[in-house]
Amino acid sequence: MLISKLAQRHVKSNPSSLSQSLAFIATCGFYNYMRKNIENKNECGGILAYVNKDEDNAQDFMMQNAHFLQKYPYHQCGIALRDQVSNKVEVRKFTSLGEEQWADQLEHVDHDQFMNKSRISVPQEEDCFFKMSESFTNQDEKIKSRLGVLHSRYASTKGAIKENMAHPHSDEKSRVIVFHNGFIANYEDLAKQLYKNQGIKSETDSQLIAKLIGVEMDQGLSVKDAVKSVIEKKLMGTWKLAVMSVEQPDHIYFVKNSGNFIIGQSPNSVVVSTQDVVFNEGTVKCETHKIPNNHLVDLKDDCTFTMEKLEKKISVERQPKSGFDHIFEEEIYESADAVNAAIDFGKKFISNHQVYLGGFEDQKEELKLIQNLIIAANGSSKLAADYGAHIMKTLQIFNTVRVFDGHDIKKGDLAKVQQGGYLTLSQSGESMHLISALQAARNQDLTCINVVNVEDSPITKVGENLSAQGFDNSQNKNIGLYMKAGYCYCDVKSFIPEIVCMALVALWFSDAKTKKQNKEQKKLRQHIIEDLEMLNLRLKHALTDPYKNQYKEVGAFLRDHENLFILAKGTGFMIATYIAEKFTQVTTMHAEAYPSGEFRHGPLSMIDEAERTPVIFIVLNDEHLTQVISNIGQVRERGATIVVISLLKDITKIMDVSRIQFLIQLQPTESMFSALQACTALQMICYYASRAKGLNPDQQVFDAIDFNHEFQ
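In case it helps, this note's numbering puts the sequence shown at residues 23 to 734.
Hints listed in this document are in silico derivations from the structure and should not be mistaken for laboratory results. It is possible that some hints are incorrect.
Only pairs whose alpha carbons sit at most 27 Å apart, straight line, appear in this in silico DSS-like list of lysine-lysine [claimed, not checked]:
id : residue 1 : residue 2
1  : K415      : K218
2  : K438      : K390
3  : K195      : K218
4  : K535      : K545
5  : K386      : K195
Cβ pair distances, simulated, as ranges [to be verified]:
id : residue 1 : residue 2 : range
6  : E477      : L243      : 45 to 51 Å
7  : A632      : K541      : 53 to 59 Å
8  : P289      : P314      : 56 to 62 Å
9  : N571      : E388      : 48 to 54 Å
10 : Q418      : E477      : 21 to 27 Å
11 : P568      : E477      : 52 to 58 Å
12 : G434      : K307      : 49 to 55 Å
13 : K218      : E330      : 28 to 34 Å
14 : D324      : V107      : 16 to 22 Å
Computed from a predicted model, the values in this text were never measured in an experiment. From the three backbone atoms N, C-alpha and C, an ideal C-beta is built for every residue, glycine too.
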């Protein structure tokens, strides 16, 4: 039964073909291995490289081991072999089906449906690996080769299944070929710069890497130095690269910053692969080592290799849009517009108390059964998840809602969760920790939901990979919601839209799980929807000129200070925590967030009256108001410089403001999202403080990102 399902998923088999039968048997041969060993990393394809210093058997090796790259779904494959006779590189690319046939199959499949399919069924004679095998079988003479690279590619979007999308890619002058797995986060910026400066276009991030290496070579750099320069100075994201020179194909260069790249060495040959199954289950017998992150491996045709550690040297090259001095400022403004995109400009609200989420509706009956929800997120996304959990608890949707940092979640946290659901919140969908945790949640039979911004990100394909590994495809339910915030330079643009999306999820569950409509719950949902519809205008109001002048004044004051405290309670504290991280990142200040009421004794002693230590308060009209006001008085008596961000109608009615040095009175609201207005104000203060200190906030964001950056 399992083999029958596997056959249906991969090909429509033809028993008369020996090569087809062998390919199918090979696939089934490692079926059990794949079911038991779901990897912690999510791949959009694979890379297999081979060098032999004595035998001309690279073509045979690739054909015998190609099936290992079929571990994940694929649409295309490509191979490069160095011909020992001519010393030229033979490149062949293959696509499952042709472009016209793909167009016919996908004519009535929308983008979301395409993203939720593990693979479109193809006849075996149209399978790209079968085409490759046939091309070598039918040639007059076998290519005598001792060195080569094989690659498989999974197309993430409908429009990306084109012949020219298969790897390898080349630079404009066809001097270098590049095989790439991963996701380049700053692709759009780099592509625009490349076209503006050199007039060179690229359709994908993988093509872009090859073009950039070529540009570096135009400056006189060798292939190796060009690869180093692009990795160290240009790319942000994740990558596993194999690079060959066309003119001198006696070296293969490998580098990665995430996932596995394994190198196996025997006396006469070297194998490099992204798939450890090549070494564990194949015929390769050699000593293996994992290539460390950010190390460039130079593999020579004599089977020797060297390894060089790379250093991050990225500098900001992208220019902000017209009207903005920095990208950081630009994205604060774009965040307000991204709120409207998240709610689909109000189209997601099908009544004054109901929302429609297309990615949830097909599995509505299963989702309604969730009583205990686990949310996993990283970095600022976790703070957005905390905010979303607060909304869910307010709406009394689930018995329990727990939020975990993606780095800390363990299998034990997922085990024995009755009527459990698992939600991943991520801007990029690239985090390996979140991908691993999501796979573990699926193994525990939790109902899994993704809320992400990047549509073709690896985390959206976890369900596809599981079904491709032999699991029942009927259980492949990719349930999720896209934020639609567009390209995000940093979390300044995505943070508030993430909270909005969490609110949409909470509203959907509140309505779907309510068997008998509760008037109070219905009224609360109505208020939340009204506030979401108004949020864009309220955020933009906080960005008008009178407020900007106040932000600049506070920023100028912070110029000469190294310490900052931000105090709030409830949702305000979640924002305070996020903003403290931004201040530390962008201004180099030591910034800490404390809940109002807990800033006493030890923390109070850190206020230096002589230094006029700045303390920012977020004052919301909620159940914590009295405690926050009391805390302002305590801190003021210590001689601190008080900055108040108020959402009250008239704060003067409840306290003496004469000793508040900076009072910023935002548009008064009594909303569940009032803290987000304060968030926008504080983002602007952070921006102006960075500028007042003579810093470039965009470069500060770059410098704060580890070279081993894991996206949120």
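- request: Take a look at whether the Cβ-Cβ distance between E477 and L243 falls inside 45 to 51 Å.
  value: Check failed, 35 Å falls outside 45 to 51 Å.
query: Are the Cα positions of K195 and K218 separated by 27 Å at most?
result: holds, 18 Å
query: Are the Cα atoms of K386 and K195 separated by 27 Å or less?
result: Status violated; Cα separation ~53 Å.
- prompt: Could one say that the CB atoms of Q418 and E477 fall in the range 21 to 27 Å?
  reply: With Cβ atoms ~32 Å apart, the hint is violated.
task: Assess, step by step, whether the Cα of K535 is no farther than 27 Å from the Cα of K545, and give holds or violated.
output: At roughly 16 Å apart (the allowed maximum being 27 Å), K545 and K535 satisfy the hint.
message: Given a hint of 53 to 59 Å, does the C-beta separation of A632 and K541 actually sit inside it?
response: This hint holds: roughly 57 Å between Cβ atoms.
message: Given a hint of 56 to 62 Å, does the C-beta separation of P289 and P314 actually sit inside it?
response: violated, 24 Å
49 to 55 Å as the expected CB spacing between K307 and G434, which holds or is violated: Given about 37 Å between the Cβ atoms, the range is violated.
task: Starting from K438, check that the Cα of K390 is at most 27 Å away, please.
output: Distance of about 19 Å is within 27 Å: holds.
message: Taking the Cβ atom of D324 and the Cβ atom of V107, is their distance within the range 16 to 22 Å?
response: Roughly 18 Å apart at Cβ, these two residues keep to the hinted range, so it holds.
message: 52 to 58 Å was suggested as the range; check whether the CB atoms of P568 and E477 agree with it.
response: Check failed, 38 Å falls outside 52 to 58 Å.
query: When you take the CB atoms of N571 and E388, is the distance between them in 48 to 54 Å?
result: holds, 52 Å
Consistency note: the structure conflicts with the earlier hints numbered 1, 5, 6, 8, 10, 11 and 12.
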